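Position chain P relative to chain U; hints supplied.
2 protein chains.
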Amino acid sequence: MSNNELMAGVGLSVSGVRLATAAAGIRYKNRKDVCLIELAQGGTAAGVFTKNKFCAAPVHVAKENLAKDPVRYLIINSGNANAGTGDEGMRAARETCRTVAALAGCPMSQVLPFSTGVIGQDLPILPFQQAMPSLMSELSEDGWEDAARTIMTTDTRPKYCSKQIELDGETITITGIAKGSGMIHPNMATMLGYVATDAKIDQKRLQSMLAKGVDPSFNSITVDGDTSTNDACVLLASGASGVEITDTHQEVFQSALNEVLFYLAREIVRDGEGATKLVEIAVEGAKDDAEAKAVAFTVAHSPLCKTAWFASDPNWGRVLAAVGRAPIDHLDIDALKIYLDDVLLVSDGGRAASYTEEQGQSVLNKDAFEIRVIMNEGKGTARVLTCDFSYDYVKINAEYRS
Amino acid sequence: MSNNELMAGVGLSVSGVRLATAAAGIRYKNRKDVCLIELAQGGTAAGVFTKNKFCAAPVHVAKENLAKDPVRYLIINSGNANAGTGDEGMRAARETCRTVAALAGCPMSQVLPFSTGVIGQDLPILPFQQAMPSLMSELSEDGWEDAARTIMTTDTRPKYCSKQIELDGETITITGIAKGSGMIHPNMATMLGYVATDAKIDQKRLQSMLAKGVDPSFNSITVDGDTSTNDACVLLASGASGVEITDTHQEVFQSALNEVLFYLAREIVRDGEGATKLVEIAVEGAKDDAEAKAVAFTVAHSPLCKTAWFASDPNWGRVLAAVGRAPIDHLDIDALKIYLDDVLLVSDGGRAASYTEEQGQSVLNKDAFEIRVIMNEGKGTARVLTCDFSYDYVKINAEYRS
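Same order as they appear, the protein sequences are chains U and P.
Residue 73 is where the first sequence starts when you use this note's numbering, and the numbers rise one by one after that.
Residue 73 is where the second sequence starts when you use this note's numbering, and the numbers rise one by one after that.
No wet-lab data here; the hints were simulated from the structure.
Remember, it's a predicted structure, so these values are computed and weren't measured experimentally.
Mixed in with the good hints, there may be bad ones.
[Stated by the list, open to error] Quick list of simulated restraints, FRET-style, between CB atoms:
1) T453(U) x N448(P): 37 to 43 angstroms
2) T453(U) x E167(P): 37 to 43 angstroms
3) A362(P) x L175(U): 50 to 56 angstroms
4) Q113(U) x S434(P): 52 to 58 angstroms
5) S426(P) x P399(U): 37 to 43 angstroms
6) E429(U) x R229(P): 28 to 34 angstroms
7) K451(U) x D141(P): 41 to 47 angstroms
8) D287(P) x P142(U): 49 to 55 angstroms
9) T453(P) x G114(U): 35 to 41 angstroms
10) N448(P) x K276(U): 34 to 40 angstroms
11) E210(U) x D361(P): 55 to 61 angstroms
12) D361(P) x E429(U): 44 to 50 angstroms
13) E429(U) x E217(P): 37 to 43 angstroms
14) L175(P) x E429(U): 35 to 41 angstroms
[Said to hold, decoys possible] Below 30 angstroms or equal to it, Euclidean Cα-Cα: the simulated DSBU-like pairs (lysine-lysine) are:
15) K359(U) x K284(U)
16) K276(P) x K349(P)
17) K284(U) x K451(U)
18) K284(P) x K140(P)
19) K359(P) x K451(P)
20) K135(U) x K125(U)
21) K135(P) x K135(U)
22) K451(U) x K123(P)
23) K451(P) x K125(U)
24) K123(P) x K359(U)
25) K135(P) x K123(U)
26) K123(P) x K123(U)
27) K451(U) x K125(P)
28) K349(P) x K125(U)
29) K104(P) x K409(U)
30) K276(P) x K125(P)
31) K125(P) x K359(U)
32) K359(U) x K135(P)
33) K123(P) x K409(U)
34) K125(P) x K409(U)
We treat Cβ as the ideally placed atom computed from N, Cα and C, and that holds for glycine.
Bound-form chain U, shown alone (with noise of 0.2 angstroms):
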């Protein structure tokens, strides 16, 4: 029997995928910080990384990895972002991987490697040769939400979810994890999600899932605009289940993916430290949907409005503003409707003759609401989540390394 509905805080087995987690001591005192996960032979991976061009070592080495060889090893630290290290985090970073794949007896190629935590420290090499023997020995299909605590920073909670699909009288598993405050925390703010399926998919229609599915989940969120030198999303297929995803299958499956991927985007979000309120941008008529997001992203990114919004303020001035700057072609500001939920807040450019205060009131008194914009100008639309900026985002960001 398997569950449709997607598992918020399950992390079910995937068959064919083994995990291993261990306090290593790389910056943590007692706290696990560094995750081997193993794919089976013949399973598949895809990956997408930070556009940032100041990438870090492990990026580097991940992406020319994942080009070259089969993936076989996942290995993940936290505590040390390994990033502004130059050649010296070139070489670690390459380490971690043969450390793995001499156990393994596998090419080194096969292993990427990851790394979340403090910029510009160079990343240590005897933890991971010291842990790695019991890692190696302790992989498991279980574990999942354990992985989950162990790659974050300043995470408060872990993220983690299931969800399941039945495919030609098959249940297929889908189980993934993520870690990341939504770049709230600087040097520590890398997004990192790891996401594994019993299903066989072949690489390339691995890989074009995985960069569909993140377009609304990861690429749709927001805190700060700061994007991390880390960010990295892995998709396994292990294949386990016999199950092939084919052109028939693609949908269900991307869908059940999607569920997946953006449940743990908006975990993320939720648990920016600092954040309050948890708002989704969602912008409709667009030109086309790179004009959506540029809209979507600009009202995300205003620190005035992210200030009203912690003060509860339904301030449509901020918002209308907001729009009016955003980096697109035309804006027909009189044809321009914005609603706070079901509440229609701007209308023939300006406040609209229908609002109150009391209804922006009670919209903004909410934990989570939706800020819906409305164009004329085509079909284009964007959903991007953010919060709110608080006191605590500047406590937090100006207070981080003392």
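Same frame as chain U, but now just chain P:
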């Protein structure tokens, strides 16, 4: 005798330009809120306006009138932005012009209106009508400081300066005023600038010189990236000195004008409430000036950089990560150098070998410092002035409407 230094906090008379101010009671009690500026017949005027597509009614009317007829009057009010006010707002903006024109005996198209203050409230006309007779009768070449105070909203101090240059044995005066707290104050964040000179300058040349002058000044400052709906800067040339600016004098005059504009823009950033640091981002060696500006603004808008400055934290990883996500085509991370004043912070893709925390700390402890980003792509340069993000930024913007 003229003093060739920029005179900060000095508002020298400009022959051919008269001013008057009044407390019309538009919103504030017990303070002046309307300013009338008169340009002598035969003078020329140039203007630059906000690019926000949701621009306020007076901006529409000012652009319309500037294009139509020679300018004789500027009528400026604080307390109410007349923005987001629809057709009623357009009527009100035109009515303020008519009120001036009726007493002055000129067409309303020779009057430019400007408003700054809260968004979304109807601008009352009666206060203008009541104040106009005394404004008109009190016009005088003195009173620039008074004018600078009158147009303030949440500014903590008036911003004005003068500059004199000698041309053809005559002294040319340039005097400017501005208001704005660097977009820090959401609904009252408008930047307004008014600069006048007694030089004679034909309208086309005047417009081109103003456009050149605002680029490294008003268009190169930012606090939070939110562009106001009412921003405007106007340059008036009365010609009363009898000295005409032709190709021969243009360079000297442009340079003096730029000094005035830069001083006013710098004062706006300095006066950002909540701002504790004035930070200049200088980018060199970009592919072109546009890419240099894109890099400078990405750093200047990064909430992670801004909160680190507030904490006096020389967090090189945040600056490097911001440069890395700037929307430019190519970036050679290894060739990149970043300086904090004279201290080399970043080279070879990471923290400079010579760098010490003490060096960085000594720069960050200052109230004003420079971050210099040196790229290896071409000859593009940019300078952007910004400030930090403090608790008070959130406080001011979260509590503004209460």
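Numbered hints the structure breaks, given as an ascending list:
9, 16, 21, 25, 29
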